[in-house]
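Q: Produce the complete structure using the sequences and hints provided.
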Amino acid sequence: MTDMSDAVIDHGHAVHDHHGPAKGLMRWVLTTNHKDIGTLYLWFSFCAFLLGGSMAMVIRAELFQPGLQIVQPEFFNQMTTMHGLIMVFGAVMPAFVGLANWMIPLMIGAPDMALPRMNNFSFWLLPAAFGLLVSTLFMEGGGPNFGWTFYAPLSTTYAPESVTFFIFAIHLMGISSIMGAINVIATVLNLRAPGMTLMKMPLFVWTWLITAFLLIAVMPVLAGVVTMMLMDIHFGTSFFSAAGGGDPVLFQHVFWFFGHPEVYIMILPAFGAISAIIPAFSRKPLFGYTSMVYATGAIAFLSFLVWSHHMFTVGIPLTGELFFMYATMLIAVPTGVKVFNWVSTMWQGSLTFEAPMLFAVAFVILFTIGGFSGLMLAIAPADFQYHDTYFVVAHFHYVLVPGAIFGIFASAYYWLPKWTGHMYDETLARLHFWLSFVGMNLAFFPMHFLGLAGMPRRIPDYNLMFANFNLVSSIGAFLFGATQLLFLFIVIKCIRGGRPAPAKPWDGAEGLEWSVPSPAPYHTFQVPPEVK
Amino acid sequence: MTSTTRLVTRLLLLVAVMFGFGFALVPLYDVMCQAFGINGKTAGQYQGTQQVDDSRTVRVQFLATNAEGMAWTFEPLQAEVRVHPGASHEVRFVARNPTDRPMTAQAVPSVAPARAAAWFHKTECFCFTQQVLQPGEQIEMPVRFIVDRDLPRDVHHLTLGYTLFDITGRQPQDG
Chain A
1 MTDMSDAVID HGHAVHDHHG PAKGLMRWVL TTNHKDIGTL YLWFSFCAFL
51 LGGSMAMVIR AELFQPGLQI VQPEFFNQMT TMHGLIMVFG AVMPAFVGLA
101 NWMIPLMIGA PDMALPRMNN FSFWLLPAAF GLLVSTLFME GGGPNFGWTF
151 YAPLSTTYAP ESVTFFIFAI HLMGISSIMG AINVIATVLN LRAPGMTLMK
201 MPLFVWTWLI TAFLLIAVMP VLAGVVTMML MDIHFGTSFF SAAGGGDPVL
251 FQHVFWFFGH PEVYIMILPA FGAISAIIPA FSRKPLFGYT SMVYATGAIA
301 FLSFLVWSHH MFTVGIPLTG ELFFMYATML IAVPTGVKVF NWVSTMWQGS
351 LTFEAPMLFA VAFVILFTIG GFSGLMLAIA PADFQYHDTY FVVAHFHYVL
401 VPGAIFGIFA SAYYWLPKWT GHMYDETLAR LHFWLSFVGM NLAFFPMHFL
451 GLAGMPRRIP DYNLMFANFN LVSSIGAFLF GATQLLFLFI VIKCIRGGRP
501 APAKPWDGAE GLEWSVPSPA PYHTFQVPPE VK
Chain B
1 MTSTTRLVTR LLLLVAVMFG FGFALVPLYD VMCQAFGING KTAGQYQGTQ
51 QVDDSRTVRV QFLATNAEGM AWTFEPLQAE VRVHPGASHE VRFVARNPTD
101 RPMTAQAVPS VAPARAAAWF HKTECFCFTQ QVLQPGEQIE MPVRFIVDRD
151 LPRDVHHLTL GYTLFDITGR QPQDG
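Just so you know, the protein sequences line up as chains A and B, in that order.
So the first sequence is numbered by full-length UniProt numbering: it starts at 1 and just counts up by one.
So the second sequence is numbered by full-length UniProt numbering: it starts at 1 and just counts up by one.
Keep in mind that the hints are not guaranteed to be accurate.
To spell it out: a stretch of chain A is covered by chain B in this simulated footprint if at least three of its residues, at any positions, have a beta carbon under 8 Å from a beta carbon of chain B; those stretches are [to be verified]:
| hint | stretch |
| --- | --- |
| 1 | 182-194 |
| 2 | 214-221 |
| 3 | 364-370 |
Partial list, derived from the structure: chain B residues whose beta carbon lies under 10 Å from chain A [said to hold, decoys possible]:
| hint | residue |
| --- | --- |
| 4 | Thr4 |
| 5 | Ala114 |
| 6 | Asp166 |
Simulated from the structure, these hints should not be mistaken for laboratory data.
Glycine residues also receive a C-beta, built at the ideal position from the N, C-alpha and C atoms.
A: And the structure:
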């Protein structure tokens with residue numbers, strides 16, 4: 001931080017020196033600026049997205065036709081496991097933390113996050129965590145091969161030696177997420193501009209506040225379950241081993257107590273972003289703001305009561321199956337409220353379909369399809385047929401790809417002008433949307449049929465009868481994967497130049513973030529804005 | 001203390017509580033399983049006696065399974081018995097260590113159908129203790145049980161299964 005002295009401007013009431021970013025690489029290592037850290041998170045997430053995506057390409061290439069062509073089953077299992085882990089913990093979660101870092105202070109009129117140094121630390125734990133995780137692929141015996149859900153005893157008794165590195169990687173990314181969540185809560189609760197009451201906050205801030213509480217509630221449980229694994233493997237305990245009085249089914253209960261809220265952690269921030277984008281391009285205020293807030297809270301609350309629907313087939317009593325079945329179906333009610341509100345916002349609006357809106361509308365439609373297949377899986381007696389088939393794969397990819405990932409794309413296009421000061425290339429962005437839309441549906445829709453016909457998950461080879469749908473699915477996956485390089489190109493092009501963006505590039509957009517110039521100055525809201 | 005410090009302290013406390021909660025799920029799970037007979041788990045030693053219900057008969061079958069890597073021979077002397085609910089019965093399992101080293105084993109019981117487990121009482125069982133066998137040694141191991149008078153009337157048939165685990169060299173631990 002040597003070249004800042006020339007930029008000192010005295011506002012009279014500003015305590016800090018007003019300066020730009022430091023120069024060189026150390027800017028990024030030492031930064032405590034929420035915009036820098038947001039950028040770091042977003043780039044990290046995109047790298048993880050490409051890495052996890054290339055693993056998906058290996059999986060789809062192997063499944064292109066029946067038989068073993070490209071990889072051995074052992075490596076295939078490592079690919080499915082690492083694809084899941086990297087996409088969940090490396091791509092989707094950091095992308096939302098990046099968006100939170102960039103946008104929450106701008107949306108609530110705060111000068112920065114409440115705990116900027118911790119913010120830096122929570123980002124820089126991630127490269128360490130994923131370095132550890134990815135390094136296992138090059139170890140003797142290979143990387144994690146037990147699926148991203150790492151059920152014991154597959155992940156304890158029968159795990160490769162590298163499982164210990166996997167456990168520590170999970171610990172590190174858990175600590176990172178918890179610190180990120182604490183930071184979000186502290187920022188939202190303590191740094192809002194005067195007049196920004198809780199019920200005036202943009203929904204992205206609301207959904208992130210609730211997500212942060214979910215993270216704080218369940219990431220420690222995940223840390224607990226991997227700690228139990230560590231103790232079983234190295235210290236002779238028997239949490240998950242029946243020989244010493246433990247029970248492998250216990251693993252599934254503890255894991256899914258974390259795992260089900262985790263799926264809402266990956267979708268709630270997208271709900272918030274979509275709730276900003278749809279009103280902006282419908283030129284109408286969001287329909288049912290209050291019900292959106294309560295619906296998000298209800299979804300978060302219910303997410304703690306439904307974990308056993310992931311394990312209907314382990315043998316739980318009939319009353320248990322019924323309870324978890326009805327509780328799961330109940331989640332469709334607040335989710336339905338949200339979908340209803342989004343559609344009502346669009347109703348009779350003056351709609352235009354720029355790239356953020358295209359992704360947002362596709363989000364509403366395709367996420368709802370994923371929600372419906374989720375309802376089918378929630379039916380306990382039917383789940384016995386669908387369990388561990390490609391139907392499950394189709395379901396969660398429909399909620400995560402056009403859900404979480406389209407939500408992130410929509411957010412990226414919506415706020416790119418604010419981040420870079422340039423408009424992105426609208427033609428290319430629409431091309432990115434349409435190729436992603438077609439590719440994603442080609443890849444994942446046939447998986448419903450494959451699953452209903454009985455194709456199991458996590459296998460490198462399959463019966464000849466599944467060949468055609470797998471072929472279509474692989475072609476769609478390749479299309480979707482290749483299209484993401486176009487996204488990279490669009491973003492780089494937008495950073496390097498383009499039509500200058502005004503402070504508020506979308507005429508229907510609402511919120512404090514549009515009151516600062518584009519690109520957003522390095523320091524914003526050092527004087528809190530007045531919120532009416 | 002600023003309001004941020006206070007808030008962060010509380011949130012960190014919540015993190016610690018939830019980490020503890022993850023571990024609290026372990027005993028909680030065992031208690032729930034035993035209270036509701038979930039998962040075919042049977043309770044510990046049963047102390048009571050019951051009046052015999054001569055009006056019905058329940059078939060009880062016995063299974064003996066070795067966990068992976070367990071070298072002992074292990075089987076019930078009788079494949080099945082027919083019992084009246086409330087009456088106490090004894091059956092024997094026989095185990096033999098064919099290896100040339102002393103070994104310790106632990107049997108883990110399970111009842112099917114799982115929902116009947118709550119009505120299956122063991123008054124004496126070799127699964128309550130660890131078994132140590134010298135090379136070539138053979139042992140007959142008793143189990144005494146009572147099928148509860150209140151066993152749901154639609155259950156006519158129970159299976160008591162044991163899985164035998166090799167725990168030689170393992171510290172006795174609570175899991």
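Q: Broken hints, numbered, in rising order?
A: Of the numbered hints given earlier, the structure breaks just one, which is hint 3.
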